[in-house]
Amino acid sequence: MSQDIINEVYFLAYSVAMGIVITFVYDFILIARQMVKHNLFFVSLEDFLFWAACAVAVFYMLYEENNGILRWFAVFGAAFGMLLYKKIIGMHFVKLLSTLIKKEIHIICKITGFILKPFIWAIKKVAAFCGFVSKRVKKVWKYMKKKLTAFVKMLKMGLCKH
194 MSQDIINEVY
204 FLAYSVAMGI
214 VITFVYDFIL
224 IARQMVKHNL
234 FFVSLEDFLF
244 WAACAVAVFY
254 MLYEENNGIL
264 RWFAVFGAAF
274 GMLLYKKIIG
284 MHFVKLLSTL
294 IKKEIHIICK
304 ITGFILKPFI
314 WAIKKVAAFC
324 GFVSKRVKKV
334 WKYMKKKLTA
344 FVKMLKMGLC
354 KH
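This note's numbering puts the first residue of the sequence shown at 194, with every later residue one more than the last.
The hints are simulated quantities; they were obtained by calculation from the structure and are not laboratory data. Owing to the predicted nature of the structure, the values given are computational and were not obtained by experimental measurement. Glycine residues also receive a C-beta, built at the ideal position from the N, C-alpha and C atoms. Misleading hints may appear alongside valid ones.
[Unchecked claim] Heads up, simulated DSS-like pairs for lysine-lysine below, C-alpha to C-alpha not over 27 Å straight-line:
no.: 1; residue 1: Lys317; residue 2: Lys332
no.: 2; residue 1: Lys354; residue 2: Lys338
no.: 3; residue 1: Lys230; residue 2: Lys295
no.: 4; residue 1: Lys295; residue 2: Lys310
no.: 5; residue 1: Lys303; residue 2: Lys318
no.: 6; residue 1: Lys230; residue 2: Lys288
no.: 7; residue 1: Lys354; residue 2: Lys339
no.: 8; residue 1: Lys318; residue 2: Lys332
no.: 9; residue 1: Lys331; residue 2: Lys318
no.: 10; residue 1: Lys279; residue 2: Lys295
no.: 11; residue 1: Lys349; residue 2: Lys335
no.: 12; residue 1: Lys332; residue 2: Lys349
no.: 13; residue 1: Lys280; residue 2: Lys230
no.: 14; residue 1: Lys338; residue 2: Lys328
no.: 15; residue 1: Lys328; residue 2: Lys317
no.: 16; residue 1: Lys340; residue 2: Lys354
no.: 17; residue 1: Lys340; residue 2: Lys328
no.: 18; residue 1: Lys328; residue 2: Lys339
no.: 19; residue 1: Lys288; residue 2: Lys303
no.: 20; residue 1: Lys296; residue 2: Lys280
no.: 21; residue 1: Lys318; residue 2: Lys328
no.: 22; residue 1: Lys339; residue 2: Lys349
no.: 23; residue 1: Lys280; residue 2: Lys295
[What the hints assert, rightly or not] Listed next, with one range per pair, are the computed distances between beta-carbon atoms:
no.: 24; residue 1: His231; residue 2: Phe325; range: 41 to 47 Å
no.: 25; residue 1: Lys295; residue 2: Gly324; range: 34 to 40 Å
no.: 26; residue 1: Val268; residue 2: Cys302; range: 42 to 48 Å
Can you make the complete structure from the sequences, with help from the hints?
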């Protein structure tokens with residue numbers, strides 16, 4: 194085979210690999226969207242930034258491999274790589290990985306809750322004691338204020354008589 198044909202085959206292989214990588218990275222965005230719900234604005238912003246980055250990456254690949262010339266078989270190769278990835282791996286990858294991450298988060302929350310249980314119990318006890326003391330202090334304060342007010346009234350009456 195001539196070197197030109199071998200270079201074209203490599204270029205097609207790079208295009209297919211680029212399609213696979215683009216779809217693989219986008220799957221991580223989909224996983225992140227399943228973990229944290231996004232509104233339409235942030236979904237649109239993520240998609241815009243992702244596809245802008247992909248455009249730069251594809252342009253760089255075209256520039257490096259084919260001197261910046263757009264070849265339609267490269268576009269079809271990238272589309273084929275995307276379709277190949279989605280049909281073979283992508284269908285199950287997002288669902289499997291998001292389920293695993295959710296389970297890991299659930300397990301971490303359970304372990305953290307178990308570890309923090311004594312501290313939470315102690316904090317509740319301290320809060321209850323502080324509430325008890327606060328009620329007593331308020332009662333004493335109210336009583337002292339009442340007595341002080343009565344004393345001030347008596348003092349005023351005593352001073353006003355003389």
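Next on the checklist: When the structure is checked against the list of hints, which entries are broken? Sort them ascending.
Outcome noted: none
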